[in-house]
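Novice: So you can see what is in the structure, the chains are spelled out below.
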Amino acid sequence: MHAYESEFREPLINGLDKNYTKITDDLVAPTERNSAAWWIATLLTGAGALFFVFCLGWTVWFGIGTWGLNKTIGWAWDITNFVWWIGIGHAGTLISAILLLFRQRYRTGINRAAEAMTIFAVICAGMFPVFHMGRVWDAPFIFPLPNTRGPLWVNFNSPLLWDVFAISTYFSVSILFWYSGLMPDFGTIRDRSKGKLRKWIYNILAFGWHGSAKQWQRFESLSLVLAGLSTPLVLSVHTIVSFDFATSVIPGWHTTIFPPYFVAGAIFSGFAMVETLMIIVRKLFKLEDYITINHIESMNKIIVLTGSIVGIAYITEMFIAWYSGYLYEQFAFYNRALGKYFWAYAWMMSCNVLSPQLYWIKSMRRNIYVTFILSIFVNIGMWFERFVIIVTSLADDFLVSSWAYFSPTWVDWGIYLGSISVFLFLFLLFCRFFPVIAIAEVKSIFRTSSEVAKAERAKAEGAAHGGFVLKGALNKD
Amino acid sequence: MKTYWKGIEEKEQLEGYTAISEKEFSEELPVLSSITEPITTGKSNRKDFLKMLGFSTTAAVIAASCEMPIRKSIPYVWRPEEITPGIANFYASTMWQGGEYNAILVKTREGRPIKVEGKKDARISKGGTSARTQASVLSLYDGARYKNPVRNSGTSKPENITWEVADKEVGEKLKAVSGKVVLFSSTVISPSLSAIIKSYGNTLGGKFEHLVYDAISYSGMLDANEKSFGKRAIPSYNFAAAKVIVSVGADFLGTWLSPTEFSADYASTRKVKGANSTMSRHIQIESVPTITGFKADTRIVVKPSEELSAVVDLYNVIVGGASAANAKVAKAAEELIAAAGSSLVVSGSNDVNVQLLVNAINNKLGNYGSVISWSRTLNTKQGSDKSITKLVAGLNDGSIGAVLVHDANPVFNSPVAGVSEALKKAFTVSFANRVDETSSICNYVLPDSHWLESWGDVEAKSGILNTIQPTISKLFDTRPLAETFLKWSGATGSYYEYLQNFWQTNYYGKQSTYNGFWAFWDNAVHDGEVELPASGSATYNTAGAAEAVSAVSTSAASFGDLQVKLYESIAVGDGYWADNPWLQELPDPVSKVTWDNYLIVSPKMYNAGGYNLDPHFKEKKYATATLTVNGKSVELPVVAVPGTAENTVGVALGYGRTATEYSELNVGKNVFSMLSATGDNFTNIAKASLAKTSNTALLAITQTHFNITLKDLGGTKTRKLVKETTLAEYNASEAKGNKYTAGNEDREHIMEEMVTLYYEHQKPGHHWTMVIDLGSCTGCGACVVACNAENNIPVVGKDQVIRAREMHWLRIDRYFTGEMDNPDVVFQPMLCQHCDNAPCENVCPVAATNHSNEGMNQMAYNRCIGTRYCANNCPYKVRRFNWYDYQQADAFDAKWHTDNNMPLSETTLAQHEPLTRMVLNPDVTVRSRGVMEKCSFCVQRLQGAKLEAKKDGRKMADGEATTACQTACASGCITFGDRNDKNSKAYEAFNDSRTFGVIEEIHTMPNVLYQTQVRNRTEKKKYENLDYFGQQA
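Chains A and B, in that order, give the protein sequences.
Counting from 1, one number per residue, gives the positions in the first sequence under our numbering.
Counting from 478, one number per residue, gives the positions in the second sequence under our numbering.
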């Protein structure tokens, strides 16, 4: 791709020693070396993932009664976790699809890992609607399959059914997008492979990619088509998830603001999770030149934007509750902020609305440590947001006689922490065997900075290196 | 015509080609040949053989390895005359158990009694039932029943013996006993059994004595009546005839004397319709809240000792013409005087002097003859408190050599100490049919049959006779008590024959309806009831009244600042019912606590005493306190109930059983020892002290209330979940022709806005509608237990109730309004509202819950996958989820559950026993784990009624289709029927000006509606600004 070179365009990849070989070396390296840290982390998270399976088994064997739910609160951590994970899964698609369409080329540094994260998050998310069913063995009933049960058909009025379609579509498109992008890179790894088995495996993974012009042309077209398909999904999936609540009659759920509010929240938490993971990955795999502070700053800008949108949504809900003059709505929001779950609301407000406001300050946006801590905060806050919406609304609804309180059991904890383990475990496998940065795509942005900028930088670097200009920085090809 | 040929073979019509072309496959299938031809012909090869072998072995293994559950069904070889499989039979009978009387119909299916229904034409219980009656059928299938006679030597394990051995050994021992032989029992109201006991006593000569003791005692009242009327009996009360009722601590709608009868009579004076409606006026003076007090028009809160002085005040004003100390009581007295002749004063006290005063008051008011009648006496309470004192004294001084215990549990519920030690000194025989504290220490247990297995008769009111008929053959080797005594007295012939002879001799001649004894007898058994002419009378004399005034005044002054009142709980009574899990899980109507007793205090005392540990009911954790009365202490959790008098503690009797089969049923603490001796009797109020402990306890409370107005935000709006008005306001707005009456105005606005964009469900046939009158609902809980029985609702146990997982399809919501120290209370039975625009229906992804064309919201259990979305979206929160396999709907039995450590309670597991499962209604599916369930409007009963009409080829009449809750209700507060039928009661009630739907402004279009509660009083409370609150101040 030959892009227009702005005179002032800053390079998207740092480091003066870069050339195409070096990029390949840097990016394939993590898949070619063994590390003790990786083994320890993988085994730990693997154990956590097994505990997740154990807890699910426990639930299926004994019954949903092993969770802390009750007659009033039929959903708590299960659906909280579901929405949380789905939200986290939003950044990948947004980065890959929307930023691709908007030609935000810096995205290539982070899109691969973000997409992987999306897929793993959606896998985690998908577990909850399945295993929260009282009779998980009858789960196929939710598919509109022709059957011998007479006229029985699924209920197309139910938002839960919409969820089934939304999430399965999202998952399929995301995995296609992710995998098609991986193919050229698998080809690269294969070509570098020394072992026969390794070569054979990566050849299969690469679907026989050999890098012909026709393949590249088709690859580009496919990327655009999938980007086009994914873009509406970014908005629709969480909109539909929000319908689970918005179409109900429960005060605190029955709100038209939910779709945009949920989508903003999803992007918010997704970017935060990308940051959490990327900050660790760039450090461990020495990818600071590819995942630059500029990336982090850009993401932080999105975080402060979406965090503020979410904050406005919170305030709007409060205002509407007051403005509606409707007692039940008023009570729901009064109770949310000052009732028995006030601490959850406090967590949500401080993590989601207050903490990102730090990012109005440039130095904070560009500070790795601040970013890392805040990204964790944002994910805590977003978990609490879902908890607040789901549990506090259900706990105290219309008829006072049925008010109740939810307390998690060890199984609830096990499933929640277990799902995080599953996520990290899958991500660690991904880091070890797949290129965490899209090699082919990154190469396309290697040459986008202007000659002027290059010269400027070479000069600066040269001064730093004692007047010696590194060759790679100025080489054209 | 040209012929085309495909090849040389066809062209040449080679031999064999034609045959091949007709086949589907041109070659022989090798597999088929290996079956059809012997392997030696060589056509099938070794491979084919191995294929066949492999396939058939695998198929055989698969088919054999799936263990199919073996279900044994044995057809009738000779079909019993009355039994058609699938069709229920109803038999008239009478329940007389644990001090509870009810004329009923027993529903049997394939020879199993599974449910009881009130008998609509019953003269005393008037068609209603109580929670205990509804639950009694479960006791028939109780695993704790004695299965044969038992000999208990005391040293080794109890041995099972045969009746022959038992009769021989017991007979010899009774003969050999030197002291008196005492039959210790609660009230016996069977005339034939009384006669048998008498004749058995005669065979023993002077050494026999029958001591009658009721643990919930009316001895004081009986003694007072003996003084005032010369009759140790209780007259009939007609609450329907009373225009002004003043009750001093008598819970006549819940537990006092004959609550089922009184509820029906009382409710008949409380239903208003149209302008110029009248109502009775009910004033309750009480210390510890009861459902009766909560239903009262005016409730005067006094301390327990002041309940005594209130009677003195009433006496002073009404009889003495003097003034009263308490102005509110004085006002009540004036109202009574104004309604003289049609008023009624009742008192729950067991103090003779108090009852003497009450008699004097009623006599002065001229209520005898009009409201209170001596023409028929109420026989259900005849016990004397002297009996228990006599028993213990007699045993201790050796004058009693043998004790036969029938329908009594003195070891558990005696106020006198040392019963158990005393009993051990004598030869003891128990006739209990289930394990209890007394039977487990008796030398012999000769189990009585369950009443559903026996013949019998009952005379609850003199001249009104009921029959008891067996509805199942004896489940175990038990023998009815009457039969035992008949045998012991040397009579030949069965009790059944004796009973017929007895009726022929004693009753046949007194009636004129039937000609010939058999016609009389058959009809008596068929109807279950015979009314003989009333003949009783009594004349009042003032004996003792004047002395009583000073005695009661002195007594009232003797209690200290902190007082305790012991009360009878609606569920467990004197403890007899405590081994019934349905009743244990029935929330107490006042406190909403299940599975326990506890100390009731006022909210003020609760907060001041530092008991409020868990204001948000997160864990349902309660602080405990030690209550000390007469030197006896119990430690119990403390619960606040608004409307409790200050410095007053209420505790329920009947809890703290120790010998029931499951430790789970041995909940609470026994406080019978805290009854204090007053004269010859034991009274339930005493001086007490209370000390907070540092311990806490979890209480399985089902409803937790908070202050839910938005007062903190300066708001004044309230949730209009229940509606109230006063009689005057109701009449005024009715007279003006208002479509919606006072208290119900907002409905007009709601109905105007009832427009919808959605498709409306068509209901061309029936449109089932239920209307519940809040004014007459007493919250007693009979409907809740009836629903359990009808719909196979599991008991989940204390732990699950603490986790807010009770399964009741029908619950009774309790709302307080007004002041914290003396609130008004409304009980609201809450069940599936069968919304015509149901929020639950559109959210189910698999359409497991859907709408019928008769307006019912239905559940398809085997379609349900358990997402619980419907329950979340139900604004009434009436849906119940099977968190575990509570009712053994899955293929696993109790043993599997125990082996796999399933977290189910003992009583829940007991439901999995084949014996207990006999109580299940075969018309209703038991729900498996992971399935949502809820009220079905008793769809099985509606279908049954429709089928009956269809068989007869006619239209269903109004009132034919009934729900279990509706028929159970003694107050008749539930109207159910087809709203499409313009002549139906349901249609009328639906269009009544008092009718409203709960939160119908969210457009649920419920088919269950409620009617505004009307109270007959002048003082207005601001109903538009109701303040609902609970234990958090």
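Honestly, I wouldn't trust all of these hints.
Below are the EDC-like pairs computed for lysine to aspartate or glutamate, each with C-alpha atoms no more than 20 Å apart in a straight line [unchecked claim]:
id, chain 1, residue 1, chain 2, residue 2
1, A, K340, B, D1091
2, B, K1213, B, E1225
3, B, K1275, B, E1141
4, B, K624, B, E1390
5, A, K340, B, E1096
6, B, K1216, B, D1435
7, B, K750, B, E1211
8, B, K1459, B, D1435
9, B, K1197, A, E329
Computed beta-carbon distance windows for the label pairs [stated by the list, open to error]:
id, chain 1, residue 1, chain 2, residue 2, range
10, A, G228, B, Y481, 30 to 38 Å
11, A, P408, B, S1171, 47 to 55 Å
12, A, A337, B, S1140, 40 to 48 Å
Read the hints as simulated data drawn from the structure, not as lab findings.
C-beta: ideal position from N, C-alpha, C; glycine also.
Novice: Hint numbers the structure violates, sorted upward?
Specialist: When the structure is compared with the hints, numbers 6, 10 and 11 turn out to be violated.
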